[in-house]
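Asker: Given these sequences and hints, build the entire structure.
There are 2 protein chains.
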Amino acid sequence: MSYAAPVKDMLFVMKELADLERIAALPGFEDANLDTAQAVLDEAAKFNGEVLAPLNFEGDKNPSAWRDGEVTTTPGFKEAFRQFSEGGWQGVMHPVEYEGQGLPKLIATPCIEMLNAANMSFALCPLLTDGAIEALLTAGTEAQKQLYVPKLISGEWTGTMNLTEPQAGSDLAQVRTRAEPQGDGSYKLFGTKIFITYGEHDLAKNIVHLVLARTPDAPEGVKGISLFLVPKYNVNADGSLGERNDVLCVSIEHKLGIKASPTAVLQYGDHGGATGYLIGEESRGLEYMFIMMNAARFAVGMQGIAVADRAYQKAVAYAKERVQSRPVDGSAKQPVTIIHHPDVRRMLATMRALTEGARALAYVAAAHSDLARHHPDEKARVSHQAIYEFLVPIVKGWSTEMSIDVASLGVQVHGGMGYIEETGAAQFYRDARILTIYEGTTAIQANDLIGRKTMRDGGATAQALLAQIDQTIAALAERDGQPFASMHRHLSAGSLSLARAIEFVVAKVKSDPNAVFAGSVPYLKLAGIVLSGWQMARALLAASDKRGEDESFYSAKIATAQFYAEHVLSMAPGIEASIVSASGDQGVLALREDQF
Amino acid sequence: MSYAAPVKDMLFVMKELADLERIAALPGFEDANLDTAQAVLDEAAKFNGEVLAPLNFEGDKNPSAWRDGEVTTTPGFKEAFRQFSEGGWQGVMHPVEYEGQGLPKLIATPCIEMLNAANMSFALCPLLTDGAIEALLTAGTEAQKQLYVPKLISGEWTGTMNLTEPQAGSDLAQVRTRAEPQGDGSYKLFGTKIFITYGEHDLAKNIVHLVLARTPDAPEGVKGISLFLVPKYNVNADGSLGERNDVLCVSIEHKLGIKASPTAVLQYGDHGGATGYLIGEESRGLEYMFIMMNAARFAVGMQGIAVADRAYQKAVAYAKERVQSRPVDGSAKQPVTIIHHPDVRRMLATMRALTEGARALAYVAAAHSDLARHHPDEKARVSHQAIYEFLVPIVKGWSTEMSIDVASLGVQVHGGMGYIEETGAAQFYRDARILTIYEGTTAIQANDLIGRKTMRDGGATAQALLAQIDQTIAALAERDGQPFASMHRHLSAGSLSLARAIEFVVAKVKSDPNAVFAGSVPYLKLAGIVLSGWQMARALLAASDKRGEDESFYSAKIATAQFYAEHVLSMAPGIEASIVSASGDQGVLALREDQF
Numbered sequence: 001m002s003y004a005a006p007v008k009d010m011l012f013v014m015k016e017l018a019d020l021e022r023i024a025a026l027p028g029f030e031d032a033n034l035d036t037a038q039a040v041l042d043e044a045a046k047f048n049g050e051v052l053a054p055l056n057f058e059g060d061k062n063p064s065a066w067r068d069g070e071v072t073t074t075p076g077f078k079e080a081f082r083q084f085s086e087g088g089w090q091g092v093m094h095p096v097e098y099e100g101q102g103l104p105k106l107i108a109t110p111c112i113e114m115l116n117a118a119n120m121s122f123a124l125c126p127l128l129t130d131g132a133i134e135a136l137l138t139a140g141t142e143a144q145k146q147l148y149v150p151k152l153i154s155g156e157w158t159g160t161m162n163l164t165e166p167q168a169g170s171d172l173a174q175v176r177t178r179a180e181p182q183g184d185g186s187y188k189l190f191g192t193k194i195f196i197t198y199g200e201h202d203l204a205k206n207i208v209h210l211v212l213a214r215t216p217d218a219p220e221g222v223k224g225i226s227l228f229l230v231p232k233y234n235v236n237a238d239g240s241l242g243e244r245n246d247v248l249c250v251s252i253e254h255k256l257g258i259k260a261s262p263t264a265v266l267q268y269g270d271h272g273g274a275t276g277y278l279i280g281e282e283s284r285g286l287e288y289m290f291i292m293m294n295a296a297r298f299a300v301g302m303q304g305i306a307v308a309d310r311a312y313q314k315a316v317a318y319a320k321e322r323v324q325s326r327p328v329d330g331s332a333k334q335p336v337t338i339i340h341h342p343d344v345r346r347m348l349a350t351m352r353a354l355t356e357g358a359r360a361l362a363y364v365a366a367a368h369s370d371l372a373r374h375h376p377d378e379k380a381r382v383s384h385q386a387i388y389e390f391l392v393p394i395v396k397g398w399s400t401e402m403s404i405d406v407a408s409l410g411v412q413v414h415g416g417m418g419y420i421e422e423t424g425a426a427q428f429y430r431d432a433r434i435l436t437i438y439e440g441t442t443a444i445q446a447n448d449l450i451g452r453k454t455m456r457d458g459g460a461t462a463q464a465l466l467a468q469i470d471q472t473i474a475a476l477a478e479r480d481g482q483p484f485a486s487m488h489r490h491l492s493a494g495s496l497s498l499a500r501a502i503e504f505v506v507a508k509v510k511s512d513p514n515a516v517f518a519g520s521v522p523y524l525k526l527a528g529i530v531l532s533g534w535q536m537a538r539a540l541l542a543a544s545d546k547r548g549e550d551e552s553f554y555s556a557k558i559a560t561a562q563f564y565a566e567h568v569l570s571m572a573p574g575i576e577a578s579i580v581s582a583s584g585d586q587g588v589l590a591l592r593e594d595q596f
Numbered sequence: 001m002s003y004a005a006p007v008k009d010m011l012f013v014m015k016e017l018a019d020l021e022r023i024a025a026l027p028g029f030e031d032a033n034l035d036t037a038q039a040v041l042d043e044a045a046k047f048n049g050e051v052l053a054p055l056n057f058e059g060d061k062n063p064s065a066w067r068d069g070e071v072t073t074t075p076g077f078k079e080a081f082r083q084f085s086e087g088g089w090q091g092v093m094h095p096v097e098y099e100g101q102g103l104p105k106l107i108a109t110p111c112i113e114m115l116n117a118a119n120m121s122f123a124l125c126p127l128l129t130d131g132a133i134e135a136l137l138t139a140g141t142e143a144q145k146q147l148y149v150p151k152l153i154s155g156e157w158t159g160t161m162n163l164t165e166p167q168a169g170s171d172l173a174q175v176r177t178r179a180e181p182q183g184d185g186s187y188k189l190f191g192t193k194i195f196i197t198y199g200e201h202d203l204a205k206n207i208v209h210l211v212l213a214r215t216p217d218a219p220e221g222v223k224g225i226s227l228f229l230v231p232k233y234n235v236n237a238d239g240s241l242g243e244r245n246d247v248l249c250v251s252i253e254h255k256l257g258i259k260a261s262p263t264a265v266l267q268y269g270d271h272g273g274a275t276g277y278l279i280g281e282e283s284r285g286l287e288y289m290f291i292m293m294n295a296a297r298f299a300v301g302m303q304g305i306a307v308a309d310r311a312y313q314k315a316v317a318y319a320k321e322r323v324q325s326r327p328v329d330g331s332a333k334q335p336v337t338i339i340h341h342p343d344v345r346r347m348l349a350t351m352r353a354l355t356e357g358a359r360a361l362a363y364v365a366a367a368h369s370d371l372a373r374h375h376p377d378e379k380a381r382v383s384h385q386a387i388y389e390f391l392v393p394i395v396k397g398w399s400t401e402m403s404i405d406v407a408s409l410g411v412q413v414h415g416g417m418g419y420i421e422e423t424g425a426a427q428f429y430r431d432a433r434i435l436t437i438y439e440g441t442t443a444i445q446a447n448d449l450i451g452r453k454t455m456r457d458g459g460a461t462a463q464a465l466l467a468q469i470d471q472t473i474a475a476l477a478e479r480d481g482q483p484f485a486s487m488h489r490h491l492s493a494g495s496l497s498l499a500r501a502i503e504f505v506v507a508k509v510k511s512d513p514n515a516v517f518a519g520s521v522p523y524l525k526l527a528g529i530v531l532s533g534w535q536m537a538r539a540l541l542a543a544s545d546k547r548g549e550d551e552s553f554y555s556a557k558i559a560t561a562q563f564y565a566e567h568v569l570s571m572a573p574g575i576e577a578s579i580v581s582a583s584g585d586q587g588v589l590a591l592r593e594d595q596f
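The listed protein sequences derive, respectively, from chains A and B.
Okay, so the first sequence: first residue is 1 according to UniProt numbering, each after it adds one.
Okay, so the second sequence: first residue is 1 according to UniProt numbering, each after it adds one.
Quick caveat, the hints were computed from the structure, so don't treat them as lab data.
Hints may contain errors.
What the hints assert, rightly or not - Cross-link-like lysine-lysine pairs, in silico, BS3-like; alpha carbons within 27 Å at most:
#1 B:LYS333 with A:LYS508
#2 B:LYS333 with A:LYS510
#3 A:LYS333 with A:LYS320
#4 B:LYS508 with A:LYS333
#5 B:LYS61 with A:LYS333
#6 A:LYS223 with B:LYS61
#7 A:LYS46 with A:LYS78
#8 A:LYS333 with B:LYS223
#9 A:LYS61 with B:LYS61
#10 A:LYS188 with A:LYS223
#11 A:LYS145 with A:LYS205
#12 A:LYS510 with A:LYS15
#13 A:LYS15 with A:LYS379
#14 A:LYS205 with A:LYS78
#15 A:LYS223 with A:LYS510
#16 B:LYS333 with B:LYS320
#17 B:LYS78 with B:LYS205
#18 B:LYS145 with B:LYS205
#19 B:LYS188 with B:LYS223
Being a predicted model, the structure only gives us computed values, none of them experimental.
Answerer: In structure tokens, the structure reads:
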């Protein structure tokens, strides 16, 4: 099998680090216990490993193709999507009242990881549909929810997010697509949207586009943007399909990776206007879009973890099979499999440690999201929501940045074969490269982390997390042995670095915004490394307690945690230097535009 | 122009850091003064910018194609190769007696950089020819030199290196291709060679393959390998071409990048044996091949610097043109070009600093090579040769590792457009990815750095370099101002880290080879970062002295050096931790094979 979901590792994180039992005790999640989780993950592992994983390389070789406004997806995708839909996989975390399964995000998250590890290009379609469902549930009328959500969950229809225009990438204030009210409650939309993932395809009968546009009298900037629903085929009141709407896919992009996922240029209103419907209130479009985007950003972070794990599995398999050179310690006279060479071992351990650290942090974030939605105490809900929102840009930014490095190491482990496309390792290197760009570049995530997440509460949420890390550090100090000593040393240094960086950001963002934002991405990476390292420390403690129950599994957790401490967390102080020295005219901005 | 060679930066390094005047004072290099250098570089900049750079993207779109054993290169390559040859560019550093120009490696090196920045796929053909020339000059008979070298320099023929076989990648001991003596001084070769760059093409009339093979009674392992010359067309005594030889290109690879460069599978001897000639003495093949490889490894390091600079130039151009979002400091109410955003500035400065640092180190290494060959004093020659050989794996390993990061940042600066192949930024990301693999992976370079370069003289060469760094640190201490303070702080810390790493390597490599080799690649990276940082420190001192002469140019050098200190050199202590903690069972190797 080309992808075997690491169900045991996932359940370890869910149980020991994200406290699934606590989630299962929340109102509404009574059935979401460990047995349920195990059953869902086993089933997901089977489906993704058997059906979707084998199609991944096929999608790279035979990408989606455009012809006369229509897009034909990779052979096999249509049937796989039918199976995906029938299995109920779109609805795992969506409400039961709209035909979803109503499971916690903590259980849905490993399912999303598996889906993306098996086939990232395929997974983008459900990922965008999830965003559309989220936006409709948040801002749609009950009639809209009833009309659209069950069909999105069943896979009969899919959803998209239409934000970007040629002049409006990261800067949505520049959106120009316009929506003219027709007096009957509907609107006519006119404009061009680019980079629309699964903006056109043949997997489902209809596509529900959620589109940012301006009404005629709307103010300039982000405050004048509203959110509209524009179906590919108009929908009758009974849910049946009406006429083809005036939205046309004029081309799809020729991309570095995720080639099976069609990236559409959509033209609205070339033939009289595309019929659309306002979602929520006028001029609140960006706010609703952020709800979709936060869900999507978390999911993109999961894509990073997923592609990293897939690249890791492939590299491990190759390293165990490829025979080359004798061992450096003279322990054999004949060439050995390359996993016996220390540098290959280092690369594999790096891939593994980065992936496990990011996974642990993301699952913990998912649990905070569940607590934020379902905890009976409002104060607790607010606090968990704050932590979740603090973690989202880190999960998105850090998991994707590390995934590029991990995929690149995966190529390196394969040596010359890694550079040959037929080997398949290069696909992950190409696929991963989009992840730090779409749904907000790493810099956009970092700005969000600084502006909305660190500053808005004066650093309170960040400090609360640091206080929790201190407790873990105290627990490490009570244990004996090199793994604990290494982790104690590097987590202490790392959290001090993070604390000083937070202090710097909070103190300087108003008086010297250029200096702070010049270090924004290093700040996000530092937070990612330290917070993931904190989870690895918690994993170390838990694994040490359980070691006797399953020596091989838990000693691997211990070794991986130690490796993370010594080889990843150890970089934290250097990154801190990069953040606090990024000062104004003396630093990053010293080179003038004309000197580049 | 899509590539403008940074002639001024190159001359700055040649003059101020690599001491061109000292090279021009060596016997045989009397004409190689600054005026000559300027003239050669200007001419190279013109040719590469106008002729080769525009063909780079074309080569990616229309790669070399194989049909019935023949390879057709990208349209335009043949004419460009004619111009390259007529311009005398193959012969810049080769001896005048074989029709070369006999210029120092220090002048040839920027020419090689330009060639690779303009068109890396094209440049691979001359790069391999250089290697063949080098091997023939070292080990060939005078008759062989006379017969082959002038035609390789004139571009009438080209050269290749045939090392790899399916079972023999990094481990050349496994080479199985056999060479049977025919009694007339010639041999018949039989075997399969893979990954042969420009192993077949239509740019020149003949291809001179240099092939590693075993004679019938040769011992096992690397000691039984000899080097043979196998021409595609047999060569008559007068240099005219005879019959087609029994070497056939059976396929070329479908690669992630450098697509215009054909990577051939060559089959020798399927029709009675390929006629070949022994180069040098029997069983000394690997030794000669290492001469070629050392030249080629240095050149691959230059490829890293070249592709990094090209990616940087493209990213700068885009950042100065693309308008998106208002500045974070509120200095404008309208969206600005993205170069005004601190994170974009940070990315561009990172790309620039890494590229300039690696370039400076490589050019300094080239000067040591010239001194090693031409210094009148034998002791000096030996000492410069030792430094050059110490630097080669670092130039190869570090310049290529950083080039992947730089090319990746180049994609990131372009945002979503970077992921679209038509933009061209993604090509550099794909092309660069081979550089840490071919001509010896980074791990192979790191093993060489530890085994042959650090250990063989008990760390003496490494210590000599550290002593020179100390002198630079002392000079920094005498200057005032933040750039000097930052550089002093981080170069001091970095060189201490490097000193401790060297000490660790020397002390432990015999008693605990696994621990040392587990940190081999971090050791190489640390050496690359610190030694390049040392050159940036020297650049800082020189630029500061000259500042008044050209304020804009030298203040940019100062700012770039400071950036390097604060954002690159600052990572050195973290890497040291990774090296010295990579200890045996407690570290990298703690995870057993079955636990991956």
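Asker: Among the hints numbered above, which are violated by the structure, and what are their numbers in rising order?
Answerer: The structure breaks hints 5, 6 and 12; every other hint is satisfied.
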